[in-house]
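S.K.: Given the structure of chain G, go ahead and fit chain V onto it with the hints provided.
There are 2 protein chains.
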Amino acid sequence: MTLTRPALSLACLIFALGVLPAAGAPHTAKVHAPAPKPRTMQEILDASSASDWRHLDPGNTLYLDLAEGHRVVIELAPRYAPAHVANIRTLAHEHYWDGLTVNRSQDNFVVQWGDAEEDAAKRKSIGTAKAKLPAEFEMRTKAALPGWSRLKDSDGWAPQVGFVDGFPAARDPRHGTSWITHCYGVIGAGRDAAPDSSNGTELYIVTGQSPRQLDRNITVVGRVVQGMEWLSTIPRGTGALGFFEKPEQRVPMRAIRLAADVPVAERENLEVLRTDTPLFDELVEARRNRRDDWYKAPAGHIDICNVPLPVRTAK
Amino acid sequence: MTLTRPALSLACLIFALGVLPAAGAPHTAKVHAPAPKPRTMQEILDASSASDWRHLDPGNTLYLDLAEGHRVVIELAPRYAPAHVANIRTLAHEHYWDGLTVNRSQDNFVVQWGDAEEDAAKRKSIGTAKAKLPAEFEMRTKAALPGWSRLKDSDGWAPQVGFVDGFPAARDPRHGTSWITHCYGVIGAGRDAAPDSSNGTELYIVTGQSPRQLDRNITVVGRVVQGMEWLSTIPRGTGALGFFEKPEQRVPMRAIRLAADVPVAERENLEVLRTDTPLFDELVEARRNRRDDWYKAPAGHIDICNVPLPVRTAK
Numbered sequence: 001m002t003l004t005r006p007a008l009s010l011a012c013l014i015f016a017l018g019v020l021p022a023a024g025a026p027h028t029a030k031v032h033a034p035a036p037k038p039r040t041m042q043e044i045l046d047a048s049s050a051s052d053w054r055h056l057d058p059g060n061t062l063y064l065d066l067a068e069g070h071r072v073v074i075e076l077a078p079r080y081a082p083a084h085v086a087n088i089r090t091l092a093h094e095h096y097w098d099g100l101t102v103n104r105s106q107d108n109f110v111v112q113w114g115d116a117e118e119d120a121a122k123r124k125s126i127g128t129a130k131a132k133l134p135a136e137f138e139m140r141t142k143a144a145l146p147g148w149s150r151l152k153d154s155d156g157w158a159p160q161v162g163f164v165d166g167f168p169a170a171r172d173p174r175h176g177t178s179w180i181t182h183c184y185g186v187i188g189a190g191r192d193a194a195p196d197s198s199n200g201t202e203l204y205i206v207t208g209q210s211p212r213q214l215d216r217n218i219t220v221v222g223r224v225v226q227g228m229e230w231l232s233t234i235p236r237g238t239g240a241l242g243f244f245e246k247p248e249q250r251v252p253m254r255a256i257r258l259a260a261d262v263p264v265a266e267r268e269n270l271e272v273l274r275t276d277t278p279l280f281d282e283l284v285e286a287r288r289n290r291r292d293d294w295y296k297a298p299a300g301h302i303d304i305c306n307v308p309l310p311v312r313t314a315k
Numbered sequence: 001m002t003l004t005r006p007a008l009s010l011a012c013l014i015f016a017l018g019v020l021p022a023a024g025a026p027h028t029a030k031v032h033a034p035a036p037k038p039r040t041m042q043e044i045l046d047a048s049s050a051s052d053w054r055h056l057d058p059g060n061t062l063y064l065d066l067a068e069g070h071r072v073v074i075e076l077a078p079r080y081a082p083a084h085v086a087n088i089r090t091l092a093h094e095h096y097w098d099g100l101t102v103n104r105s106q107d108n109f110v111v112q113w114g115d116a117e118e119d120a121a122k123r124k125s126i127g128t129a130k131a132k133l134p135a136e137f138e139m140r141t142k143a144a145l146p147g148w149s150r151l152k153d154s155d156g157w158a159p160q161v162g163f164v165d166g167f168p169a170a171r172d173p174r175h176g177t178s179w180i181t182h183c184y185g186v187i188g189a190g191r192d193a194a195p196d197s198s199n200g201t202e203l204y205i206v207t208g209q210s211p212r213q214l215d216r217n218i219t220v221v222g223r224v225v226q227g228m229e230w231l232s233t234i235p236r237g238t239g240a241l242g243f244f245e246k247p248e249q250r251v252p253m254r255a256i257r258l259a260a261d262v263p264v265a266e267r268e269n270l271e272v273l274r275t276d277t278p279l280f281d282e283l284v285e286a287r288r289n290r291r292d293d294w295y296k297a298p299a300g301h302i303d304i305c306n307v308p309l310p311v312r313t314a315k
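Protein chains in written order, with my numbering: chain G, 1 to 315; chain V, 1 to 315.
Chain G on its own, in the form it takes in the complex (with noise of 0.2 Å):
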């Protein structure tokens, strides 16, 4: 079942872009000049330390089990949403999910799953989980919010951008709130018109371009650490809004299960990188000016959905 793959994890977040076959060369780390060649990310990620990654916490992951037998691995962000991610853990411990389906894929936007039926009196039980739940668009923050790890750099979207808890976020000290952007990866609890209308039985991921207009509009529940592309490739759907029009094309799921509630043999061993080290802050700037030879013009920006989220199979 396990299908962790470091080597690729790593790779993917490699993103020269050379010709067949001299894209693969390494990197490799010429000093030419008196002040040393700051760091790339794979030398940071090579210098690392132990204590500058994390365990995922058996009772805060997901494993999203297609039929097909791929597993997504999602961290989910009980900050945040603490209403909807005990929900969540409550569906997912009565196996609400098992044998539903991804019902929807619309390009550049989101693939989304939950129960088909269209008649609410034939749609599964949800057990013993909640029916309502309150929005839980953005989180009240004191002056200080844990673990907040800011971006220098700019955002359209926000006052400010960074991470809290491994999770791309933004804050707004006026206000005294923060939520998670809507970055790649992300998911969401899919609601009607009423704020109030997700349970988190219907979720989304984002699998586009930012839709960062959804932040603070509704319920974002935690993202993909691992296992992105087993729902980046699905075929996108015909139907309105990528729905699928005919029963088949929808994409059934084996499962969907809290670590914590499988054998310790089935789980998976990952870490994800910390956000709130200079090792993470260094990595950062390694990507908002890209310093090996391939770039010759360096950004000297980067957007707070563009910052890499590197994991590995721990030791």
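Identical chains blur together in the list; that is why a pair holds if it fits in one copy or across any two.
Simulated crosslink set (DSS-like; lysine-lysine; CA at most 27 Å straight-line): (1) K296 to K142; (2) K296 to K132; (3) K152 to K142; (4) K122 to K246; (5) K130 to K296; (6) K296 to K37; (7) K37 to K152; (8) K246 to K124; (9) K122 to K132.
FYI, nobody ran anything at the bench for these hints, they're computed from the structure. Model, not experiment: these values are computed from the prediction.
M.R.: Frame of chain G, contents of chain V only:
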């Protein structure tokens, strides 16, 4: 061969995120307040006139026909990359890409095609196309940039952003330069370390979060106007940088043709929305501040890569 589906093209631009099946409910234009409610994007498009649209120029339009029968329609950008576009026209005219393959699919980054042969001596002849071209990373502009339609929104990567000839673009008035921005669907010419090492044979297309760090580091040659979903869902390569590890994983292309080289009966009859009209400005504002009932907090901002560029089949 025609794969034009205008209903889908417009549906794809509607970004509501409701619970199925309510998500498909049409937006109703309720007017409660004395001031008329701003029009939604759909209402704006429904009210557009013929002069708000332009036909794609067959001399600047490529058809990438995948072997499995799907067509991707690409608009070239001769204003920004005249030498590369001229070479691409020659390569298409002489059937250079026919039978070659998509060789790379890297999640949240790019899909890339060209000659997969690693031995340079065995690679396909480029015919009368030029082996060497100048780098065309940015364009020198005069005080007036024809067709420039500037967004009022801030951008972290460039002094100004907007649209030229229907392409998302940036501008640096101080240095008198302009360039196409790396948004979803934008196509560039892969290169090695040398700035002038691209000749247009090896092309990549952005399939993930806008990699704006590539701006002014590589030559952009055009963008996809229809059929993006056939490239964005190609299974990801498991080799370094998303290259396919096995030859059979590569995705074969039947042909890439300039529309002008294709019989009229086999052409797509497409129009794209002009970006230099008051109607387009109204559409951008409708997306900058969503006013339909679903949105509770209009963003007050839009990113250059979030602006939809509608396409339709001409009547």
